[in-house]
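Starting from the structure of chain A, add chain B where the hints point.
Line by line, the protein sequences give chains A and B.
Numbering follows my numbering, with no gaps: position 331 of the first sequence is 331.
Numbering follows my numbering, with no gaps: position 30 of the second sequence is 30.
Think of the hints as simulated: they come from the structure by calculation, not from any bench.
Don't be surprised by glycine CBs; every beta carbon is placed ideally from N, CA and C.
One or more hints might be untrue.
[Stated by the list, open to error] Facing chain B, from chain A, some residues (calculated, C-beta under 10 Å): (1) 11; (2) 13; (3) 16; (4) 46; (5) 52; (6) 61; (7) 70; (8) 271; (9) 356.
[As the list claims (entries may be wrong)] Non-contacting residues of chain A with respect to chain B, defined by C-beta distances greater than 10 Å in every case (computed): (10) 6; (11) 18; (12) 153; (13) 156; (14) 159; (15) 256; (16) 259; (17) 273; (18) 342; (19) 344; (20) 363; (21) 372.
[Claimed, not checked] If you want the ones that stay clear, here's a sample from chain A, every Cβ over 10 Å from chain B, calculated: (22) 47; (23) 270; (24) 334; (25) 340; (26) 361.
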Amino acid sequence: MTDDLDPIRLLASAALDNEATADERAQVAASEALTAQMEAYAGLRDEIAGVDVPASARESAIAAALGVFDAIQAGTDVATDVMATDVSVSPALVAPGLAPPEFAAATLATAPVPPTAPTAPTGPSTNVVSLHARRQRQYRWVGGIAAAAVVAVVGMAVINGSRSSDDKSSSAPRTESFNSTAKASGEAEASDQATEPAPAAAAPADSDSAADGATGGQVPPTTAAAAATTAGATETTEAAAEETASDAYDPWLGVQEFNTVDEVVAYALAPGSPVAAPSLASTGTSAETTAATTQEGTDTTDAADDTSAPVTTTTSPVPPLPESSYTVCPASGMQFAPIVFVGQRALLVRNDVIRQFEIIAADTCNVLTQFPIP
Amino acid sequence: MTVSTASGSSGSDDVALVEAARRGDRSSLDQLLRRHYDRVYSVCRRVTGHDSDAADAAQEAMILIVRGLDKFDGRSSFATWVYRIATNASLDELRRKRRRPLVGLGSSSHFDGDADNDPPSEHADPDSGARIDAIGDRMLLDHALAALPEDFRVPVVLRDVGCLDYTEIAEVIGIPVGTVKSRIARGRSQLATALGPKYGHGAGNQTPPSERQTETP
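Chain B with its partners taken away, still in its complex shape:
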């Protein structure tokens, strides 16, 4: 199952489920956890860069959510609270393993767009070529995310995977909203540069100075 970016849960429903779970309603808790698990896992996956680490972190987050349910006071949305837990569980998992995600794929210089200059490879099975390309794309993305400093990676993931707005991200991470904005922009810029021209930042693909003088309506 692939998580979409669309928001999948209603805040008011979450509050009702939280209240029911606090009263001991197991099925409400089950529903609440299922509602948020995929997004939590996705955040963990993108922060940790590993499937197994993400599974561990997401499970830890689920457990922490249950343990801290009585402490959720509703001042922020439940999703914000959940992603805060997921983010920290992911970072803890990373530190526990004492490694950066996807170590060993080489330096970021591998992602400078040179791949486009390579001769096209031929595949006996056209579908296998597409699959390999897809896997390659995922690996490139994983590596690019892994190469991204944590300070940039987490805001980008919370925005693009968790669909949190800047205020919520600021709340989760504990930094000003303006910092969130710049970190996300920097993070995306570095990711785009690492991933090549496909995302508008290929080698030497800088915005022309003339374009920087934007017109006023």
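Here chain A stands alone, though its shape is the one from the complex:
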């Protein structure tokens, strides 16, 4: 503020706080105005200090803190990010270089406190979550709901696809990632609420035909683990799936990245490319074809799916994909594959109408570039 501070008020304020010198205190005592001002400030101070503290908030906060203490003592406290972020000094308040050392120490207290003489909690058992985690949990709910919606839509599409298997025009083969989408929609996942595939781990990419298995539904709960084992994934897949269960499904997870059009051209024209064959000609693509596509296309895209979806050897057609956000850009029946093009999420679309491959920005559906289909 730029207003001039009345020295009377400065003196009255300091005197109220016992921060005035003896001379200043004498001045205050000798002046009725100063004394009155000091008394007025005292009344103001009392009003400011008069805060009603809700008992429920107190108990909740202390229980939360003791819960953290218990976790630290047990060596299971991992939520150290709260400390790292929330005890940062206010830039607006602190003059440069004046941060006190113990505050810096508090700021740096990000590592879990080593357990020293652990003792069993004596208080009531509390299931306390930090505010940070509570906020994160809210987002997880949103993400979970969104994921469940995606799974439901995909599942419906899969069912519809299997019902209308005679109509091959809408069931052109997709890339392994999209097949993986179908896999992820398997009822087995939906039933146990593990709605998202795990991130790419190290699984071979020969599991595309799992999509066909998923179309039939009724996947035993243990199938995913068995399939993952079959595919060479580790037994930690379920844990990995749990870790990522709160994250929204990302069809671009692990897809190939290209930085030049030439690279995309080579990819599009390669044998077994997901966009190599005309749409109509590719209807009824067998699982073997899809598997070959997987092996020759992306190597790691299905690793995540292997953790949550079965690998089968059925040969039913690849199911159609739902009209979700990443399938609205290409027209119906067009072959397309998700790619990352110059760092941007995109779709490689085979447009047989104009005889062009198109690279379309996934978020805007704008055609970034195109090149002819030979």
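What follows is chain B alone, placed relative to chain A:
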């Protein structure tokens, strides 16, 4: 429960409790936290201006205290350390919500003392009138605090609610003691102006120039 301004905890007791808590004594930690919670909440309440934000910030502060207990080195008092955490938790909470406390009550011009010129209202229940007045006073105070710049609000709150001395406040905020002194005085002056003549700063209620020439003993 209303927090008084009187200091409620002894520094030496705090150190003993901290040491016991570090050794894993849960009950000592519980005692330590209970000893400081009300004041922490009060600081958070006055800085954030919201009950719920204050509860969140105070809980966050409690958790941060527990996590940082091993880092407390005793060079400052435990209370100072605690209020530093509480202050920053409150400011973080404010920034997280991206709002100023008590937005929407109007400009500070509402608090220029004109209320005293309004005709007195009549209440069927005399007690309800008093309650309404009390609520109104709290709202006025909340709004006045909210209108106070953060640089002034925090020192005033730490002084009047946390009962920290200027040196401790300087340590908490990281500014010179002289700056603390002037910020508190400015803050109080602005608060008093906003709240009206009751606090000696009503409309036009400036100290007469004659009074500024204080006598020397």
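Which of the stated hints cannot be reconciled with the structure, identified by number in ascending sequence?
Of the numbered hints, 8, 9, 10, 11 and 22 do not hold.
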